[in-house]
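Student: Sequence:
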Amino acid sequence: MFLSKPTQEQKAEELIDCLRKKRSETVLKELENSKENDWIKNTLKGFKLLRLASQIDSVGVVSYIIEHYPERLNYQDVYGKSCLFYAVEQEQWNTVKYLISKNINYYMADKNGNSLLHILAKIKAKKEYEVIYFELVQKLISHRRIVRGKNILGETPLHIACLNSHKKLIQLLIDNKSLIHCKTEKGLTPWDYCQFSDKICIDLSTMNDPDDGTPNSVSPFSNESFSDSEQSGGNKLSKGQEMLSPRYVSIKKGHETPLETKNTKEIQLLFVSVIINI
1 MFLSKPTQEQ KAEELIDCLR KKRSETVLKE LENSKENDWI KNTLKGFKLL RLASQIDSVG
61 VVSYIIEHYP ERLNYQDVYG KSCLFYAVEQ EQWNTVKYLI SKNINYYMAD KNGNSLLHIL
121 AKIKAKKEYE VIYFELVQKL ISHRRIVRGK NILGETPLHI ACLNSHKKLI QLLIDNKSLI
181 HCKTEKGLTP WDYCQFSDKI CIDLSTMNDP DDGTPNSVSP FSNESFSDSE QSGGNKLSKG
241 QEMLSPRYVS IKKGHETPLE TKNTKEIQLL FVSVIINI
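In UniProt numbering, the protein residues as written are 1 to 278.
If you are wondering where the hints come from, they were derived from the structure by calculation, not from laboratory data. Mixed in with the good hints there might be a few duds.
Restricting the straight-line Cα-Cα distance to at most 30 Å, the calculated cross-link-like pairs of lysine-lysine (DSBU-like) are [what the hints assert, rightly or not]: (1) 5 x 21; (2) 29 x 111; (3) 199 x 124; (4) 122 x 168; (5) 41 x 139; (6) 21 x 35; (7) 22 x 126; (8) 139 x 29.
Between beta-carbon pairs, the in silico distance windows are [claimed, not checked]: (9) 129 x 8: 21 to 27 Å; (10) 44 x 134: 29 to 35 Å; (11) 29 x 78: 29 to 35 Å.
It should be emphasised that the depicted structure is a prediction, and the values quoted were computed from it without experimental measurement. Using N, Cα and C, we set each Cβ at its ideal position, and we do this for glycine too.
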């Protein structure tokens with residue numbers, strides 16, 4: 001492939017260029033025959049190679065990188081996206097199938113606060129890939145933090161599913177305690193989003209929230225660690241993987257209620273007493 005021994009940077013660029021041309025077998029062969037691949041772990045071009053492989057469904061290259069450099073599995077770039085994010089966005093379901101068999105941290109979100117469930121809510125997989133699609137959905141909806149998580153616009157996955165008339169996903173989200181009346185930053189509910197969709201597939205207007213109606217103040221994107229039991233698939237994450245990056249915005253707004261405190265009542269009684277004495 002190379003006329004002379006390339007520098008590390010030249011090698012990286014050559015392999016990335018090969019992937020752009022969809023010459024995955026050539027790239028995989030070069031990786032397997034080389035003993036100097038640590039640049040994949042140590043440089044930004046290493047993740048760039050993995051990202052591109054994920055986007056074109058090059059499972060061979062993706063699996064090579066993950067098996068040899070597992071720290072790249074949950075690595076997130078400047079956009080807050082991991083290799084799984086890129087595979088899902090491009091609907092590369094063979095790569096998705098491989099990645100979700102690994103020790104994925106499902107609580108990740110991109111820099112706009114979108115979880116994988118937000119992204120999936122925009123997609124309607126082809127029939128032959130529905131099994132993989134809903135396998136990933138099931139891993140995500142089993143966690144309420146993800147189901148109710150908001151992006152920086154205040155949208156939950158249910159909002160986006162309603163906008164895209166994704167009937168089956170809407171039903172799954174409702175069944176898994178998504179809040180029906182939660183509002184975005186602009187005060188819009190999932191039912192409002194239904195009004196903007198091509199088709200209203202489920203009438204949410206008469207439905208109630210699944211529990212006490214507590215407003216969605218819990219975001220899966222906070223700088224918080226989660227117990228092993230909260231991780232999908234029973235996979236144990238390392239301490240580093242459990243911690244979410246501080247770049248992600250946590251929508252945690254206080255919900256004020258017009259309740260009088262004890263001190264407020266005492267002040268009011270004192271004020272009335274002073275007036276009477278006067």
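Student: With reference to the structure, classify each hint as holding or not holding.
Tutor: For each hint, the structure was consulted:
1. 5 x 21: holds (22 Å)
2. 29 x 111: Distance ~35 Å between residue 29 and residue 111 Cα, so the pair is violated.
3. 199 x 124: OK: residue 199 and residue 124 at ~14 Å, within 30 Å.
4. 122 x 168: The hint holds at about 13 Å.
5. 41 x 139: Judged against 30 Å, a Cα distance of about 28 Å means the pair holds.
6. 21 x 35: Status holds; Cα separation ~24 Å.
7. 22 x 126: Between residue 22 and residue 126 the Cα gap is close to 23 Å, so the pair holds against 30 Å.
8. 139 x 29: Violated, because 33 Å separates the two Cα atoms, which is more than 30 Å.
9. 129 x 8: 21 to 27 Å: violated (37 Å)
10. 44 x 134: 29 to 35 Å: holds (34 Å)
11. 29 x 78: 29 to 35 Å: This hint holds: roughly 30 Å between Cβ atoms.
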